[in-house]
Structures are given as structure tokens and as C-alpha cells.
Amino acid sequence: MKKLINTAESVVEDALNGLAAAHPSLRVRDRVVYRADAPRPGKVALVSGGGSGHEPLHAGFVGHGMLDAACPGDVFTSPVPDQILDATRAVDGGAGVLHVVKNYTGDVLNFEMAAELCAGVEVAKVIVDDDVAVQDSLYTAGRRGTGATVFVEKIAGALAEEGAPLAEVARVAADVDGRSRSFGIALTSCTSPAAGKPTFDLPGDEVELGIGIHGEPGRARVPLVSARELAAIAMEAIHGDLPLRGDLLVMVNGMGSTPLMELYVVFAEVESFVRGKGARVTRSLVGNYVTSLDMQGFSVTVCRLDDDLTRLWDAPVETPGLRWGR
Amino acid sequence: MGGMGELMDRGTGEGMDTAFFLAWFEDAGRLVRLQRDRLTALDAAIGDADHGANLDRGFTEVRQAFAEWPPATPVQALVSAGTTLIRRVGGASGPLYGSAFRQMGKSMDSPVTLAVFAAAFESGVRAVERLGKAAQGDKTMLDALVPASRELTRAVQEEIAAREAFERAARAAEEGSRATIPLRARRGRASYLGERSVGHEDPGAASAAIIMAALAAVAS
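So the protein sequences, as listed, match chains A and B. So the first sequence is numbered by my numbering: it starts at 298 and just counts up by one. So the second sequence is numbered by my numbering: it starts at 109 and just counts up by one.
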């Protein structure tokens with residue numbers, strides 16, 4: 298294992314120190330990343346969190362127009378209730394707090410436990426579960442939350458910034474999740490600092506289809522084919538679940554070690570696929586937004602937009618990970 | 109009632125005492141550390157390769173919590189251990205094991221006879237079922253915990269000594285854990301793999317078997 302770390306044990310702490318040092322708009326206290334200007338009186342606050350190793354998710358999305366606080370757990374491990382409780386109490390500006398929770402057993406349990414302890418703060422939650430690679434939802438822990446988390450945090454964050462009440466912010470957040478689907482493909486596994494070796498072995502000429510964001514193996518392994526064919530596999534899976542039509546927000550996301558050049562190669566194929574189905578990409582993101590440490594590969598996330606959602610997507614945002622309009 | 113007699117001789121002479129529960133957690137922590145890499149390897153196969161590290165950290169924190177605030181009763185030991193696991197471990201295993209121990213503590217009467225222990229243990233297992241929305245056969249820690257709980261209840265009905273009861277429970281947990289190998293996961297992170305989860309032992313069931321092995325070891 299070759300990594301830019303001091304020790305495996307201190308990697309999350311050390312990274313948070315760096316984040317705080319690089320971004321004066323953020324404050325880090327007891328493993329929670331806050332907007333420096335929180336709490337904002339009268340504004341619904343957004344709190345998210347999850348395992349570390351997905352940077353910039355979630356801490357990189359704290360700031361104007363997105364999250365008020367993020368609770369990073371250890372690498373690939375959900376945060377503990379104390380962090381979520383601290384964050385929720387600290388950012389509540391009297392209008393309530395929305396918990397944005399990715400659908401993993403650990404994340405859901407820890408946010409539930411924290412919400413039960415948040416007496417005096419009105420808490421709503423949205424569960425993000427956009428990964429179409431997980432089938433048989435009745436016989437699994439349900440679909441995983443992946444790329445759509447960025448869309449939910451951005452759009453719900455913009456609505457909260459406009460002064461919408463908690464129920465409305467929660468409703469739109471759930472609507473964005475319902476309109477979004479993702480699919481991921483890995484070219485390599487990833488190495489967690491504590492484990493020191495790749496989570497799974499993937500031969501040089503094979504790819505893993507339907508991966509999550511924790512280095513967990515996917516549903517199937519197939520020989521490596523062209524970017525066009527891989528993009529088609531991902532887009533067929535999405536289209537088969539939620540037909541592509543109308544205006545789409547599309548993210549081609551790198552898993553951590555994928556060259557941007559390759560992500561653009563994939564984006565061109567995705568855009569052409571979308572056109573082929575008679576829909577159109579009206580908003581896009583290409584880059585590393587929901588990563589899986591040093592994994593090579595990509596995920597595609599598609600959201601069917603309407604005019605309101607497009608307006609909220611375009612609204613100003615100022616975070617380390619997303620920044621426009623301000 | 110030879111084993112029970114010995115257990116009852118520990119401390120108060122009226123059942124399993126605080127020292128017994130402290131020894132259980134101490135030994136569970138020791139065994140988890142010894143098997144940390146095996147648990148992590150099992151988790152790497154069908155999960156995210158952090159189970160060994162997380163539980164090791166959790167039991168280390170439990171030891172520290174006991175050192176800072178020495179529990180005075182079995183109930184305090186269980187609630188303190190459970191609360192510590194919930195607050196410090198994260199993931200799914202922290203809240204699940206933590207809630208199991210907390211619930212076990214909250215439903216524990218005094219003195220702690222085998223019958224009291226078995227009833228409280230069952231109540232802890234129910235908490236895992238409720239929180240995890242899972243059942244035996246879903247390829248989770250419940251595949252070890254439910255058979256162990258059943259053995260404890262049976263031992264009470266058959267008036268078997270505690271030492272023997274804990275040995276049977278540990279064996280049932282170990283067999284239950286091995287029995288997860290051919291199962292397809294229906295809950296937890298392994299469920300995302302569908303058919304590919306078949307052929308691997310569930311890391312949660314494996315760690316539950318370790319915790320039960322510690323119980324048997326401490327009672328012997």
C-alpha cells in the first residue's frame with residue numbers, strides 16, 4: 298500500500314484538519330464540519346454524513362446553498378449518533394433540520410438513533426436510494442444511496458436557502474431522489490488505509506458491474522470492453538428502471554483514481570445514448586464527487602428535471618466541492 | 109448444577125455477578141482482537157472490509173469505559189458496554205450490538221440466574237431483529253444469535269447448569285455462523301451482492317459466535 302497518510306488511524310482527522318485549514322468558510326469541531334456562519338436563524342438546516350473515503354461527499358458540500366453540517370465517520374463506516382446529534386443541535390436555526398441519509402443499514406440506524414435524541418429540534422429525513430444495480434429490493438437492505446446524494450443536497454439546500462419550510466424541503470428532497478437513478482462500474486478495487494490491501498481482486502482484463510461506493514464487489518464481472526459499451530451497460534440499466542425522457546441532469550462521476558479525460562470519454566457516450574432515447578442533457582457534472590478512495594471507474598447518475606428543479610440546481614452554491622453563481 | 113454452583117460462588121454468591129460480565133466483555137475483546145483479521149477478511153469478501161477493525165475498536169472503548177466508570181452491577185456493565193458500542197463504533201454493528209447489550213441490561217433482573225440471563229439475552233436478540241428488520245436466515249448476526257438464544261432457553265427448561273448452557277449456546281452460535289455460508293444475504297451490505305453472497309460466511313454471524321465463545325470461556 299502506497300498512500301499519502303501519516304497513520305491509517307489518523308487519516309480522517311488529518312484530512313479534516315486540512316479541509317478546515319484550506320477553507321475558512323468551514324469550521325471543524327468534534328468530527329463535525331460546519332458552515333462557519335451556522336446556525337442561520339429561520340433557515341431550514343441540512344445535515345448529512347456517512348463514512349469517509351467518498352470525498353468531496355459530504356464535508357466538501359458544506360456551505361452556502363447546500364449542507365449546514367456534515368458528519369464524517371471513519372473510512373467507509375457511518376458516523377456515530379453523538380456526531381449527528383451535535384451537528385443537528387448546533388445548526389438548527391429554529392426552522393428545523395433535514396437529515397440527508399444514504400440508504401445503508403449503518404447510516405440509517407445511526408441517524409435514527411440521533412433523531413430520537415434530538416428533543417426540541419424538529420427533524421425530518423430523506424433516505425437516498427438511487428442505485429439501480431441493487432435489484433430484488435424486498436430481499437435486500439434496499440437500493441444504496443450513491444450519486445443522487447449530490448443532487449438531493451444541492452437542490453434541497455437551494456430550496457432551504459430560499460426560506461422554504463422543513464416539510465417542503467423534505468418533500469422536494471424525496472422527489473429528487475425519486476427522479477434519480479445511478480449505476481457504477483469499477484476497473485479496479487480500492488484500498489482502505491486500515492486494510493492495507495485491495496478490497497477485492499479484479500484481474501487486469503475484467504471490470505466489475507454494479508459496484509457501490511465502499512469497494513464492495515458488484516453483481517457481475519465481465520471482460521473489459523470499450524467506453525461506449527460500458528456507458529451503454531450503465532445507461533441501459535438506468536433507462537430500464539426509469540425511462541429517460543425530457544430534460545436530464547446527468548453526472549458522470551469518477552470513483553477516485555479515474556483520469557478526467559476518461560470521464561469525458563464516458564460523458565460523450567452517455568450524452569449520445571440519452572439523445573438516442575429522445576431525451577436531452579440540459580445540466581451536467583463531470584468529475585470526482587462521490588468517490589470510493591482510490592478506485593478506478595465511474596458511475597452515472599441521471600435526474601429527470603422540471604423547471605423548478607432546474608432553477609434550484611442553478612441557484613448559487615459556495616462549497617469546496619460545488620461552486621457557482623456567487 | 110455444578111457449573112451454576114461455581115458461577116454462583118463468584119462474588120455475591122447469588123448468581124452471575126458484575127465481575128462475570130466484566131470478564132465476558134474483556135474476553136470478547138481479547139478474542140475479537142485475535143480474530144480481527146479473519147473478520148475483516150470475511151467482510152472484504154461480501155461487505156466493506158471494516159468489521160474486524162470496528163469491533164476491535166468498540167471493545168477497546170468498552171474496556172476504557174469500564175476503567176473510567178467501573179460498573180457496580182451487571183445491568184450497569186451491559187448498559188455501559190451497549191452505550192459505548194453505539195456511541196463509538198458507527199456502522200451497523202455498533203448500533204446493533206450496542207442495542208442488544210443495552211436491551212439485555214434493561215431487561216435484566218437481579219440476581220442473575222441462568223433463567224434471568226436467558227430471558228434478557230432473548231430480549232437483546234429481539235432488539236437486533238427489530239432494529240435490523242431482519243430474521244434468522246437473512247445471513248446476518250441473527251443466524252448465530254437466535255440459535256444461541258434458543259439453546260439458553262432450552263437449557264433453562266431442562267435445568268442444565270449454566271456452564272454447560274453457555275457451551276451449548278456457543279456451539280449453536282458457531283454452527284449458525286457456519287450455516288450462513290450457503291445462504292444468500294437478504295439484509296445488510298452483503299445483500300447487494302445477491303447470488304454472489306453465497307459461499308461466504310457472514311462476518312456479523314462470525315463475530316456473534318466469537319462473543320458467545322467468550323461467554324462459554326468465562327463460565328468454564
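Calculated directly from the structure, the hints in this document are not laboratory data. There could be a bad hint or two in this list.
Claimed, not checked - Calculated Cβ distances over 10 Å to all of chain B for the following chain A residues:
(1) 325
(2) 339
(3) 441
(4) 574
(5) 593
(6) 607
(7) 613
Stated by the list, open to error - So, partial list: chain B residues that the calculated Cβ filter (under 10 Å) puts toward chain A:
(8) 154
(9) 158
(10) 174
(11) 178
(12) 198
(13) 199
(14) 207
(15) 242
(16) 243
(17) 244
(18) 287
(19) 290
(20) 294
(21) 297
C-beta atoms are modelled at their ideal positions from N, C-alpha and C, and glycine is treated no differently.
message: Could you work out which of the previously given hints the structure breaks and list their numbers from low to high?
response: Hints 3, 10, 11, 16, 17, 18, 19 are the ones this structure does not satisfy, whereas the remaining hints hold.
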